[in-house]
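Colleague: Line order of the protein sequences matches chains A and B.
Residue numbers for the first sequence follow the numbering used here, beginning at 1 and rising by one.
Residue numbers for the second sequence follow the numbering used here, beginning at 1 and rising by one.
No lab work stands behind these hints, which were simulated from the structure alone.
Cβ coordinates follow ideal geometry from the N, Cα and C atoms, glycine included.
You can trust all of the hints, since none of them are fake.
Calculated pairs, DSSO-like style, for lysine-lysine (alpha carbon to alpha carbon, straight line, at most 30 Å):
{"no.": "1", "chain 1": "B", "residue 1": "K190", "chain 2": "A", "residue 2": "K239"}
{"no.": "2", "chain 1": "B", "residue 1": "K320", "chain 2": "B", "residue 2": "K5"}
{"no.": "3", "chain 1": "A", "residue 1": "K239", "chain 2": "B", "residue 2": "K193"}
{"no.": "4", "chain 1": "A", "residue 1": "K89", "chain 2": "A", "residue 2": "K15"}
{"no.": "5", "chain 1": "B", "residue 1": "K95", "chain 2": "B", "residue 2": "K324"}
Pair ranges (Cβ atoms, derived):
{"no.": "6", "chain 1": "A", "residue 1": "F40", "chain 2": "B", "residue 2": "P219", "range": "30 to 40 Å"}
{"no.": "7", "chain 1": "B", "residue 1": "P219", "chain 2": "A", "residue 2": "H216", "range": "25 to 35 Å"}
{"no.": "8", "chain 1": "A", "residue 1": "V19", "chain 2": "B", "residue 2": "R158", "range": "44 to 54 Å"}
{"no.": "9", "chain 1": "A", "residue 1": "L39", "chain 2": "B", "residue 2": "P9", "range": "54 to 64 Å"}
{"no.": "10", "chain 1": "A", "residue 1": "Q238", "chain 2": "B", "residue 2": "F40", "range": "39 to 49 Å"}
{"no.": "11", "chain 1": "A", "residue 1": "E193", "chain 2": "B", "residue 2": "S240", "range": "28 to 38 Å"}
{"no.": "12", "chain 1": "B", "residue 1": "K95", "chain 2": "A", "residue 2": "V19", "range": "49 to 59 Å"}
{"no.": "13", "chain 1": "B", "residue 1": "T146", "chain 2": "A", "residue 2": "Q238", "range": "21 to 31 Å"}
{"no.": "14", "chain 1": "A", "residue 1": "F65", "chain 2": "B", "residue 2": "H53", "range": "51 to 61 Å"}
{"no.": "15", "chain 1": "B", "residue 1": "P219", "chain 2": "A", "residue 2": "L39", "range": "28 to 38 Å"}
{"no.": "16", "chain 1": "A", "residue 1": "P146", "chain 2": "B", "residue 2": "S240", "range": "18 to 28 Å"}
{"no.": "17", "chain 1": "A", "residue 1": "R138", "chain 2": "B", "residue 2": "Y257", "range": "33 to 43 Å"}
{"no.": "18", "chain 1": "A", "residue 1": "L39", "chain 2": "B", "residue 2": "D145", "range": "42 to 52 Å"}
{"no.": "19", "chain 1": "B", "residue 1": "M55", "chain 2": "A", "residue 2": "T187", "range": "56 to 66 Å"}
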Amino acid sequence: MAVLKVTFTKTNRDKLAQVLWVLNWVSVVTGVTLFSLGLFLKVEIVKRRELMSKEIVSVPNMLIFVGLTACAINFLGGKICYDCVDTTKFLRWKLLMLPYIICTFFFTFCILVGALMCYSMRNDLEESLFLGLRDAMRYYKDTDMPGRCYIKRTMDMLQMQFQCCGNEGYRDWFHIQWISNRYLDMTDSGVAERLRSNVEGKYLIDGVPFSCCGLHSPRPCIQHQITNNSAHYNYEYQKEELNLNRRGCRQALLEHYTQIMQSIGLIVLIIWLFEVSVLTGVRYLQTAMENVLRLGDPDSESDGWLLENSIADTARYNFNIIKNLGKCYQVDDDPNIDVPSTSQQAQENVPVKQIPVAQ
Amino acid sequence: MVLLKIKFPFQKRVRLAQGLWLLSWVAMFSGAITFAMGVFLKTELHRRSEVMHSMDIHIVPNLLMAVGLASVGINICAGKVCQDSLDPTRFPRWKMFLPPFFCFSVFLTSLLLVAMILSFALQPSLEESLKIGLKNGIRFYKDTDTPGRCFQKETIDRLQIEFQCCGNTNYRDWFEVQWISSRYLDFTSKEVKDRVRSNVDGRYLLDGVPFSCCNPASPRPCIQYSLLDNSAHYNYEYQSEELNLYNRGCRQALVSYYMGLMNTIGPCVLFDFLLQMTILVSLRYLQTAMEGVIGQENVEIETEGYILEKGVKETLLETKEKMKKLLQFARVGDASAVTPDTEPEADKPATA
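Next comes chain A alone, as it looks inside the complex (with noise of 0.2 Å):
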């Protein structure tokens, strides 16, 4: 009984392929985009590596993976089909068309995880932005260090351009020394005086760098002295909303990659979708084609279905082929061969009979 059965007259299947056909280019574009979007999420991170502990790598090398093979599937897919109009043809493709859409239900397979894996790397992402953001914030100072000296520069664009401060907060900075030994005078009071009174002789101030201003302030931006109210006329740093950028900078990331990462995954569930409908099509193609062969006349009509039994009973076949590959190298039922089996129990329980013996 088979699975979803569907009747074809020749004319039938000779749209069905040209359909399938047309079909196939537009999944060759579909793989393309999809290389493309792999591609552009790769450059995004690798923009932004200086910013991240770990670099993400699995999802852009997933999307280019697939991306690469969906092309490369749907172009073969695409000759089939073309061939499918013709009988003659077909007999080309018989035997390897079982194994094309075998290998293209596992490979929709990937693409349905590539879309997945999409939305779960999340969680990887802000754990690795939180401690790359609190490592260039840590090398902010050290300009003059051969490879950490465009850290200063990254951090600032950074601010600048997601209008952020900090890993949480701009209170992060008030933690780190950001002001390197350089560029402090070590004689003067007010100096030795912030490195002793720390424990690890850091100089650490109530101040942030420059980036962290906002643009919408109503007044000149105030960077240094920011919990000191009396510092500064008419201030409370309680109330004062605007002056700084509020927004932790690893919350502005995530949220900036979660969006991309979003449209990207939501495309892909789409051209996965398109991806099985070619394939369920290209099934009924297949099947109904072995049929006509099998009817032997090339104009009847013939049946086309996903399944030929149902689902049970092509598992438990499939079950059993896999069952007996195991079994290929051991001994079945050769005559002549000496096993040791039931037969010996059998032997026990049969009655020896005496030979007779001649007097």
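Mind docking chain B on chain A? Use the hints.
Modeller: Chain B alone, transformed into the frame defined by chain A:
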């Protein structure tokens, strides 16, 4: 004496018509691209309109948009004429339409050249407009509580950050303007009173700049205040300091940006102009060659094509005479409507 005569056998005419039809499609796209470039330039100019005083420079993108649109229409007509020229029965209906069409098209296409010339000629005007606009922007930087000026601070800050510039000519422009509002100045403090008194207009001037002038590429944290005082900061010499603030003035930055845009658009516009003129010249040849065929029984004869039937001077004189006659006819027509019994009507001017 005919201008630039060429002989056209039948095959050459057919090939000319076909090639011209194809070229008119290419020119249509080129016209659409010119329109798109005009739109892009206009949007970019509009985005910074708050720091521009006059809108003179907008004539360049306006011309590009108008000519781009018109050339799409012109090329559609040219394509249709080419299609009809291969059929001698359908070609005569274009006879009355083509001469004014040519004059109009040549005029419009020359506007492209005018736009290109203007883009260079208006550079001083753009610079002046930016100078005044930026000066006002810097002056009103502190007026975040005055309606109509409350966004100047944000505009100038964004501009300085995006274009990596500071002030009008350079950062010293900020020293001459009070950019900190009096609302945030403690007038009981001695320092503030000294500064305000030392100034004729009673303004609070200081050797400091807003935070948006800070250069992120500087190795040290930004120094915005007491810029000219070497002793106010450790290990600091303002004369040798180059990376602390942006060195470029915003006027120069914006002018370079817009000139860069127009220099990129320039070659595309020139290409469009040359393409359009080629089409118009070829269409003129096709028209004059086909005119030799009209009325003849054998359509495959060889005919001559030219640009002007007579020389340039003679054609101009003829056109002047024609215009005079047309004007006279119109005037006499008016007069005869008022006094119908007086002069007899002048002869109808012979049309081309």
